[in-house]
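Given the coordinates of chain A, assemble chain B onto it according to the supplied hints.
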Amino acid sequence: MRTFFILWRREIASAFHQPLAYIVLFFFLIVTGFNFQAAVTLLNHSPGSVTTLVEAFFNTVYFWFPFVLVFPLLTMRVFAEEVRSGTVELLMTAPVGDGQVVLAKFAGCLFFFTVLWVPSLLYFLVFGQVTGVQAAGAMGSYLGAYSMLFLMGAFFTAVGCFASALTDNQIVAAVIGFSGILAFFFLGLLSFLLPATGSALREATFYFSPLEHMMAFSQGLWDTRPVVFYISSTVAVLFATFHIFQYRRWRA
Amino acid sequence: MVTVEKLSKRYGSLCAVSEVDFEVGKGEIVGLLGPNGAGKSTTMKMLAGYLPPTSGRATIAGYDVFSQSLQARRRIGYMPENVPLYPDMRVREFLSYRAALKGVPGRRLRERTADVIELCGLQEVATRIIGRLSKGYRQRVGLADAMSHEPDLLILDEPTIGLDPNQIRAVRGMIRNLRRHHTILISTHILPEVEMLCSKVVILKNGRVQAAGTPAELRAGHGQAGLVEFDAVVPDPLAAAALLRADSSIQSVTHRQDGAWTVFSIVPKPAHDPRENLFRTAVENHWRVREISRPEASLEHVFAELTGGEDWER
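Protein sequence lines, in the order shown, are assigned to chains A and B. For reference, each letter of the first sequence is one residue, going 1 to 252 in the working numbering. For reference, each letter of the second sequence is one residue, going 1 to 314 in the working numbering.
Same shape as in the complex, but just chain A (with noise of 0.2 angstroms):
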């Protein structure tokens, strides 16, 4: 367990260390000022369709965007650049289990995740004193979209570990990352084309839906089928992380 946090910290420091954490801050912070102002126009424009600032906060397509386009960035480097410059020898003959190294590297990406989303609760409490209008309905639909966030978080960064696994070029970990979230961002989209009635292939894609699952759980809808998904897709990818990591290290 020590060794886990020795590793853990390590992790999050690296990550801070590069100026590349900076410009992701920065540059999310940004776009999610702009969505917290399109949240807040959508709620005053066509307050029929959204309820709450939390709610439409979590729902524009300025919440997706970055949010889809973040993962690759955060993780293309865990394992990449580590099997790059060859400290993967160093991390690798200390007396530290395959798991550990997995998990912390995990850990590390979603702590960096999670630190990004810190500011979004500044905007409610805000936005709360400013207009004397409570940005949600209940304390349930916080509850719902920062675990929803997190639980997505968790999966997607998984994801992202996984590419960085498969190559020691950090761009093309980015690709793949990339290339699989949004693979299965799209395939939630489904839902949205196909014919409303019989079809099963929209049954199916709708509980995939990220959108559908955000939408829920940011009215304060906390539904455990989601939850379990999740949680356990995020620890099947890292298993797939773990063999892979260990395969191509004892190919080398």
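It should be emphasised that the hints constitute simulated quantities derived from the structure, not laboratory data. Among the hints, erroneous ones may be present.
To be verified - Just so you have them, the derived chain A footprint on chain B, three or more residues with Cβ under 8 angstroms:
hint, stretch
1, 44–57
2, 67–77
3, 84–98
To be verified - Selected chain A positions facing chain B (Cβ under 10 angstroms, derived; list incomplete):
hint, residue
4, Ile6
5, His17
6, Val88
7, Glu89
8, Leu90
9, Leu91
10, Thr93
11, Pro95
12, Val96
13, Gly97
14, Leu190
15, Ser191
16, Arg251
Only a predicted model underlies this, so the values are computations on that prediction, with no experimental measurement involved. From the three backbone atoms N, C-alpha and C, an ideal C-beta is built for every residue, glycine too.
Okay, now just chain B, sitting in the frame of chain A:
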């Protein structure tokens, strides 16, 4: 301390290491020698627990490097070839992180880090960023890292490669000082280094052990031990050579001119020393003698002979 039995590593059809056997006793400094691509680094990576062997086994302090990898790795300080380090960290931060990772308890961390920084002469750069250090300092950081958790065994893969002569001497001195507390396995192709440092040598070629023993044993067992050089002014070199060949203790004689001097290279029969007879012959024939010497066969010659390198000097 280290036992290696029939250790092999194959990459597809390529056999990088093939049935290597050797042992390293506690407190020994053992040098792994061989030309590039002989399997030195691969052997070391397997011992360090980074690569799994294809077959055979190796134990460190009684722990199998594959099945009891974590226990074995706890007892090893490994410095990889080219010393990969995290360029974004500061020296002290890096060493402290590595020591913690390798199991040095929190309360001893500060003290242990300070110790290795002092031992490796890193005080001046302790707060500098590793990415901006010179090669020599980086090498020392690697060495400091390898010994940060006071391992029983140090595995150093070409620790002096790419350094300038002063830095080489400094690193070498450091390694010599370490001998009191650690068993050391070192790979290199700088032969004088081996002669200066190592109590035992293992020579590898194409993944196989060609020879093993102390440097003195290797010199005695290989190369032209006992070759005698004899410089004299003789009236007729050919006749003189024939005269020398007549001696029963001499196997063969070759000669070359060096100005007025003739330099004879004399190979005696095994376990014979012809120098006294040479002197007598010279006196009897009134030859003027500049030198009678028996240069010791260097490890370099042994190395060239065993690894099939061309000997350009001869």
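Contradicted hints - numbers only: 14, 15
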